Amino acid sequence: MTFARLLLRNLVYHRRGNFAVFLGVVVGTAVLTGALLVGDSLRGSLRDLTLRRLGWVDHSLVTGRFFREELAEKLPAAHVSPAVFLQGAASRPNGSGRVNKVVILGVDERFWHGEPPVGKDFWSPKDLPELDRRGVVLGSALARDLGVSKGGRVAFHLQRLSAAPRESFLGKRKAEDVLTTLELTVATVLPEDSFGSVFSLNPGPTAPRNAYVPLSVLQDELHSQDRKARSLPERPVNALLVQGGTRDALQAELGKRLRLEDWGLDVRVPKKRFGDTAPGYLSLESKQMFVEPAAVAAVKEAGLTAAPTLVYLFNNLSSVRQYAATAAAVTAPGMPPVGRALAAYYGPLQVPYSVVAALDPTMPPPLGPFLPKGVEKLGDDQILVVQWEGSPLNDARSGEPLALTYFQPGDEGRLHEETVVLRLAATVPLKGAFRDRNLTPRFAGLTDRTTIGEWEAPFPFDRSRLKPADHEYWAKHQATPRAYVTLKTGQKLWASRFGSVTSVRLVLPSGKEPAQTAAERILSHLRPEQGGFVFDDVRAERLAASGGSQDFGVLLLGFSAFLIVAALLLVGLLFRLNLDRRASEIGLLLATGFRRGAVRRLLLAEGAVLAALGGMVGLAAAVGYAWLMLEFLAVRWPGGLDRSLLALHVTPASFAIGYVSAVMVSVLTILWAMRVLARVAPRALLTGETAEATGERRKLRWSKWVIGVGLVGAAACFVAGTQVRGHEEQAGSFFGSGALLLTAGLALVWAWMRGGRQEASGHGISGVGQLAVRNAARHPVRSLLTVGLLASATFLVVAVESFHRDAGHDFLEKTGGSGGYPLIAESEVPVYQDLNTAKARADLDFPPAARAALRDVHFVPFRLRAGDDVSCLNLYQPRRPRLLGVPPALIERGGFRFAATEAKTSEEKENPWLLLRGRRADGAVPVFGEANTVTWVLHKSLGAELTVPDDHGKPVRLRIVGLFEDSVFQSELLLSEANFLALYPRQEGYQVFLIDAPPARTAEVKAALETALASHGLAVTPTAQRLESYLAVENTYLATFQALGGLGLLLGALGLAVVLLRSVWERRGELALLRALGFRRSALGWLVLAENAWLLAVGLAVGLVSALLAVAPHLSAGGGEVLWLRLVGLLALVLVVGLAAGAAAVAATLRAPLLPALRRE
Amino acid sequence: MSLQVEHLCKDYPTRSGALAVLRDANLELRPGESLAVMGPSGSGKSTLLYILGTLDRPTSGSVKLSGKDPFALTERELADFRNRHVGFVFQDHHLLPQCSVLENVLIPTLVGGAEGAEGWARTLLERVGLSDRLDHRPAELSGGERQRAAIARALIRHPMLLLADEPTGNLDRHSAEKVGELLLELHRQEQTILVVVTHSADLARHFPRRLEMVDGALQPREGTP
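In the order they appear, the protein sequences are chains P and B.
Quick note on our numbering: the first sequence kicks off at 10 and runs consecutively.
Quick note on our numbering: the second sequence kicks off at 74 and runs consecutively.
No lab work stands behind these hints: they were computed from the structure.
There could be a bad hint or two in this list.
[As the list claims (entries may be wrong)] Sample of chain P residues at the chain B side, in silico, Cβ under 10 angstroms:
hint	residue
1	ARG14
2	LEU20
3	LEU613
4	ALA614
5	ALA690
Values in this document were obtained by computation on a predicted structure and should not be read as measured data.
Think of the CB as a built atom: it goes at the ideal place given N, C-alpha and C, for glycine as much as any other residue.
With the sequences and hints as input, model every part of the structure.
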């Protein structure tokens, strides 16, 4: 005889009881490991998805500017594919089937990296096909959404290239200037799972809407848009996709190979034109009007002799005498305002629409000087005016004030006319340095026009103000400046976020070196990052992000905790029941000299074997559990998750962790169940007793204390909950109140059972009922465990049900989550106008019906910096948050609901939006985020900081100074427009809009806007719907938690049935005796069932009452909506299952023959 | 080598105060001596037996076996003491239903050393007449056979003290007779100190020394020396 043999004998002989314990461990392991597997699956699925989306691409460079395709050659990598990435909307040519978020990729066969679809000739045609024969290959998602197939036609709506920043005063912002349509024939539709259908550099669960156009075709289209501006390099691309290599090596090589034309810069050798002076300098100019600050700094660092120059177009230059006379006229009674404008513009002493140059007038030749004889210095308040034939200011006297009027671009595309008064330093003859048209860089639509009347002016241009002399000047001298101010004055007046210099005139040290040398010297001081030329280690970054913003394994483990605890309690309960049954066996071992430790080890070994075996089977069950949970998530996830994306992933680590944890916890539970052995005397065990006979009074006193403290604590928490303000604190207080009440309730049940004063008298149903209640108290530990399990599960299920979220009744209030705006919109192509003005609506070609529908509608436009969605809808870990620039008007207005802010002054507390103004003392940019987003996705809190790169790749610290509560802004962080533009000066236009519309007409407004701005790809969403989509995630979590809590509840009910079965089995002799005394089977059945029902009812009632107390304030405040029917249904189901299981147990026991049971007794 | 019991008392706490079950019991037995304790139910005789077997502790008084007080031992030492020096035979045989007869006999050797144990177990089982039932389970034995197996188990560790609590209580007259004889025979062979608690006058008759337990006090049984 050995221990092992005894162990084996025990396991086999007590197989029924052991099997129940084994099953408990199986359930516990399955739930615990299954939760980890769900985490694995989500991470693994996102990782797989990332790999599928990226295909062969390891590194990528995607910039906001176009550079030469040649850069793709000879990079230190295995494979490089140059590409053009454009974003827009698509529709069928008749305008139907419109879809947004379309990515148009210009690629050649290098992208396909193998056998390209449609054949190589399609991607690299020898000759460009005719416009109407040009083809496009569609990804399956786009084709499906558009409803087109091979041979169909698709119109792509894209943003047109612009010769100047659109928000500069020369920017064109009308619909026809902003939008272009590219109509193509579908050459083929790619299969669902093909690389082209799933390719994306920003992997997400939603299938990308890809359209592939031969690179040369798209380049031709770009060139056709750029025909006048000539700003693009010969074969422009804006992306490089790279396989292999390292980021550093790629970046280093790129730095060596970039040319000025990749930066949109050019070192021009000004040529002498007819009548002009030969300049003798080089001119660094931008193809986007302004030379970017990095280039100006590079020139300086290169040690070149340089003269930064800023030219600007003024509307009017007039003598202040005229100006003053006009002003006087304005003040005269009866003079309408229009009279002032007419007088100022059409008076005799006006110079209209001319160029003024701001420069350093003291520079030596060939960069100057711009000072006439006798004038040694040009003051910052002075102006030099060129004398030209027919100029009305030729006779102006030095010192005379002149009024210079010009356009200043304002917010939302508005141009403001500004006037500055400068003193005339001198009039200068149009010769020498002054006679240099090269000072004004070429600008399509203006400088390339032979007559001034042909100007394609994007600003209000009144040709009637031009006099014959003006036409003559243009014919001879074109954009040669007609006035000069100091660079300081010019930059003060006309510098913008796009730059403060329109050219940098250069002189090389020798004075004779070619432009190429100058270009190289400038390039050597330009860092690629400054121009956005940054390779991303896209594979590593996206794979890191695929870890997810939430550890779903841990989250689900939290949700499953109750189920795991229920399973473990069941394990403990069942093991304890086994011990009860084997008490005399244990007593015998002790009587024969076994130490308690040896007996405990023997039993523990049995438990460990059961746990080990149960754990193994549990691992298999875990796979099933995880699969079920994935199915549940896929169905319940807002908008649905493609089930094919969410595949089951199993990792050995999760198996190991799940197995070891489950077995360890099970063994600990078994140890806990065995603690009774330490207290019971062997003699008692020999007689089959396991309960302690003493200590009742002490325990009763203890439970009375628990009741008292629980009730007082519950009341205190309840009162505290009504006093605190924060949502979280309130929820915590009320939940704590309920939990304490639950504890007090269970202690009360315990005290009642241990009190021993349950009376059973009377007869009939009442007598049977009383006897049943008394029987329930016979095994107080068992009964308390089952009641506790049921009560806790009920508490959780009910409490969670009441936390089901909706937008709330005050959502549409100004201080609600919508800020009072019923609609929110987002466009693919930015809008550059103020949609609140009739002019903008006309410029954007709004149809009359739309204009009528929008008559009383107000827009709040936001600038958008595209980035990662930081809301809980994004399963990936966001790396660069999406940012919104908040307009000053909204900051002034205030509104929305905040969970917490850093407001200190009463003004800030009144309107927390003021916190967004300016920067913090340490330079950090203040931002707002939504409380849940910040906490759960960004893993930050109020006052925390995060770093993002600015337009030049420089890291900028964002400080969270306010947290919205239940806001529509959950996908982004918000900062002031001023800060936004300082960080992202190249980001133009508005893409997100809050829309204030009459509630009754929101549907009409939505339809009108989506039609009017269809080509912009505008999608309008009711704010309540937007919030619901966020809350849906939370509700999905709640539903998961609740479903698992419900399973725990069912497990509790089944546990109760098992307990009852054991209890009845133990009492079978007693029951048999009752039958022998004349009790009918049915009466005994009712007796046991009543005992079961009583325990069930007590458990459900304690849990329900505690939960309702916990959530009462939340409900009364309208914070949540309880689906009562579902809740009652769930609790009824538990009651029915519990009773049915109990009935089955009773029936099985009572069917047993009478005599053996009596004999045993 | 003797069993000495002096002024042994045992009280049990109840809701209505302490209940005296054993009052000033005194006893001395030497190896080879045997004693039958008789008395009505609830008189305290089983309590005396369980205290002698160290399965219960006295409220006061002392028990010494070979001059050693087992209740002065630690929990571990007490278990070893019980395993080495005490053999129990219960009214309800308490055989492990999952083990064979031979295995049941060998159970005490699991914690007390197994050298030569199996041979001795076989010898014992042969002596109790169960040599052909070694691999049978308790459920396959008659009541008398089960009790004989329990006697063999009690002797497996060559105990100094053999205690039997109503060993024939569940047996018919014939089986009871045989079990009683066997118990005494083995006791004599093994020179143990045998204490039997019984209602059975037939069994007690075989014992040279008999005591009556009346309300917790030991008194000489009428008609005994």
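The hints, checked one at a time:
1. For P/ARG14, the shortest C-beta to C-beta distance to chain B is roughly 7 angstroms, which falls under 10 angstroms, so the interface hint holds.
2. The beta carbon of P/LEU20 comes within 9 angstroms of a beta carbon in chain B, closer than 10 angstroms, and the hint placing it at the interface holds.
3. Hint status for P/LEU613: violated, given a least beta-carbon distance of 16 angstroms to chain B, over 10 angstroms.
4. Here the hint on P/ALA614 is broken, as its CB sits about 13 angstroms from the closest CB of chain B, past 10 angstroms.
5. With a least beta-carbon distance of about 6 angstroms to chain B, the hint placing P/ALA690 at the interface is held under the 10 angstroms criterion.
Hints 3 and 4 from the earlier list are contradicted by this structure; the remaining hints agree with it.
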